Amino acid sequence: MLIETLIAVTFVAALAVFITPEAYAPQVAFALSLLPLVGSLYMWTGFDASGNALLEGSTVAFETQTQWIGFEPYAINWHVGLDGVSFPLLVLTTVLVPLAIMSAWTPITERVSQFYGLILFMEASLIGVFTALDFFVWFVFWEAVLIPMYLLIGVWGGPRRKYAAIKFFVYTNVASLVMFIGFIALVFGLGDSVTSFGMPEITQALHDGELGGFAGLTSDALALAAFIAIFFGFAVKVPIFPVHTWLPDAHVEAPTPVSVLLAGVLLKMGTYALLRFNFTMLYDVAATLAIPIAALGVFSVIYGAMLALAQQDLKRIVAYSSISSMGYVILGLVAFTVYGIGGATFQMVAHGLISGLMFMAVGVIYNATHTRMVGDISGIADRMPITVGILIAAAFGYMGLPLMAGFAGEFMIFLGAFQSTVLPSAPIFTAIAMFGIVIVAGYLLFAMQRTLFGQFRLETDYEVTRAPLHDVAPLFVLIGLIILLGVDPDIFFTMIQDAVDPIVELGGDA
Amino acid sequence: MLSQLPQPLVTQPSTWIALAPVVILATTAFLLFIADSIDPKGSNNGPLAAFSLVGILGTLGVTVWYFFAGVGQPEGLSLLADQVVVDGMSLFFTFVVTSVAALVVVGSYDYLHDQPHQGEFYSLIVLATTGMALMANANSLITAFIAIELASLSSFALVAFLKHNRGSVEAGLKYFLIGALSSAILVYGISLVYATTGSLQLDAVAAGVAETDNVGLLGVGVLMIVGGVAYKTASVPFHFWAPEAYEGAPAPVSAFLSSASKAAGFVIAFRVFVEAFPLDVVVALGIDWVLIFQVLAVVTMIVGNFAAAMQENVKRMLAYSSVGHAGYVLIGLAALGGGQDSLVMGAAMMHLLVYGFMNTGAFLFVALAEYRGIGRTFEDYNGMWRQAPIASVAMTVFLFSLAGLPIGGGFLSKYVLFTAAVGAGVWWLAAVGALTSALSLFYYSRLVKAIWIEDPIREFDVARQPVGLYVAIIAAGLMTVALLPAFPVVDLAQTAAASLLA
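Chains as they are written, first to last, in my numbering: chain A, 95 to 604; chain B, 7 to 508.
No incorrect hints appear here.
Computed list of lysine to any residue pairs in SDA-like fashion (alpha-carbon distance at most 25 Å, straight line): (1) A:Lys256 x B:Gln393; (2) B:Lys180 x B:His123; (3) A:Lys256 x B:Glu318.
Everything labelled a hint here was simulated from the structure, so no lab data went into it. Please read these numbers as outputs of a predicted model, since none were measured by experiment.
Hey, can you work out the whole structure from these sequences and the hints?
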């Protein structure tokens, strides 16, 4: 019942914050957001899972499975549980939300209670996404994430917030619909061999070759069509080129704390779902399509990095670099090696922390200078040394400096992708992707050099000074966590490996 | 059959009591008339509202009790010489209409505060509810017709209730004229069916259909009954009255008509077509009413949703979207005969139940806006959250649930409906439904955007808090959300549908 409690507590906290008077809302929201954090850390102490939640012979932690709707022919059950893939993401979510809330204290001055209420509502839904093991329960939470995000961007965003919010909403909803239809077609194709929407049951039936034809398609064609529909649905969320265009708009218009959660957690929903659905359930199809998928991933790496190189807005730079980083994750997933998939999962957490930190640091600078344009600011290192120091550290983390979380993730991905036997000519793909690091270093160093150092020349009628403690505190926490994970990746990697091994064994390619 | 011996009106006292829900409602309505005639100038509507609510909730309670006590299940109880029947389906729909009526009565309390003739308002609401509950029980064409007329005549008066408001009177007139025409069509259809089968009771009609020689005449009769039903459920092509009537009527009345009246119309359709015109018999004669409903469903879904997307007026948008929802429910009839009959009909019934709460809630939110003197267009709703944050949350739930996002029961009821249609082999109905649902997200989210994202175009004057409206909206919101985890009640709907189809 721990997972249910966690979701319920977060949801009730959201309602409580929503009706809290504006004056106390920030503090109340922060205090209440610590509850899920404490809950997830408590769950860590009792975390006992082995294997992958979707595959046979696994132990799933904190599992609950009760009948919900006994609807013929496919029952919908309340089925939640955690394994080594989902648990790190759950922890990431509960860690990032309090930090994002704290980072909102300065920039969010209007409709404060609503803002924090929506953030907590989103957290409750995100916990649901990462714990649900029944497709329907999962889909309910998946869609529930969109509504607060739509409002968070639309109400508290920048000048083009309405455009960005609607674009986000339309893109992700169309994607969800396509994915939904693809998945349902798959379940119909399974016919009598499944009796529920339980993801483990469906995975098992698919691996047993129970898939039949449906609506005039042969089973192979159905699997391929469903794979493409599902892949498209999640590719938008990740996002992968060419369906990435909602992301820069959403990021640039979203207020800092929302960007933190968008890059930190929401994009991981896409890669997490890809791993669960495309790469675990439809293993064979993914292996067949390895080259195009890897090509999309590698192209996203290079293309995102090139776009970032061309940006003048610090936030846009970080936003485009997310596309690039998510490309690595795709490459790792399609490699089908322990280090590939495990590294990709690890990179989801690492990128969540690092991009969250980058957005927060840029936000702190924006709070002080009221601009994010690379051309406008320079020399702020003198005025706000701590923030700038952390931003530089984060940038190095992004570039893959050893002993930081990003290095561990990327290194494992490259190692795994290089060794891949599923992906033909894997070394070539890996080599091209690795070249992305050079561009990342290029644009980050270039931007840092121009904005942070040199002569201070911003002419304002206000004083640009050090940021208040509550702005900087989350940065310290995050940089600490990034270094901690970089020094000791096994904190998560052992449990990730537990869950990833069975996927790799599917192809007899350990 | 004309040769049948006359039966005693009340076969057994114990079964007579099975009709208690309708009786309680009728008694409440008449007591309200009496109360009003004692004190016709009374301006305090609290006691009137409270008494109506007690009567409706009493009916609701008895209905739920009967449902779970197994009254009329699995075999329906026939009363009054088979003129009415009490079974799972009738109780299910009585539950839907009385739930909506309860919400509307609570929501009307503030709305009526400064209006004259409050006694009439409540008694008409309860009388219309009586008619709708009776529609759920009707077991012969003539009972169905009388029940429809009882509900309709009360509704005409309710639509025109704001006597000094031109819009309201005009809407009432339009509603009345089209209603009269549709009644004429319906009763003419009934007379043709009577002429060919020699009977009005549904099972006797079914027996007569099998033996009739006048297939052409019977076909015309069936077609005219389809027309009457389409009018009552606001389905294309008899939907033109709906936007006009809903726009002009007081918003609580719009809520009532678009939710309860529609549900009652569908129960007539379900019962009459399944019982009186059994598919295997009539299709052999060449009267394929499923095909008619398939065409109607597709056209209704498309017309309703596209027209809704083009509205600038919120009430009209909701009115057209309610036409679109009638199209979804029509799938319940249009997918019959595909081997999944109880599944599709149960799904349609469940959608009506969920719809009863979410749509009533949405119209009550419009009532709140009207009460506050906010205008009618989307722009007028800009920044509405400032006045009513909690009600705005509930409205967001209604709208997204209507669109089929999994935040309320609307998601699951649509899902069950569409998959049942796919299972019945009419996947193209489900495809049209899914596409139009996706389209509906566009216009529903537009209102969400106005309420939460846009800045208000003018200052609002918040003088008095409409407690009743808030209570009704929040209750509807809680029910909409609660129906998501409580969705297993779909089993009850399917059991009820199965016993009808058996």
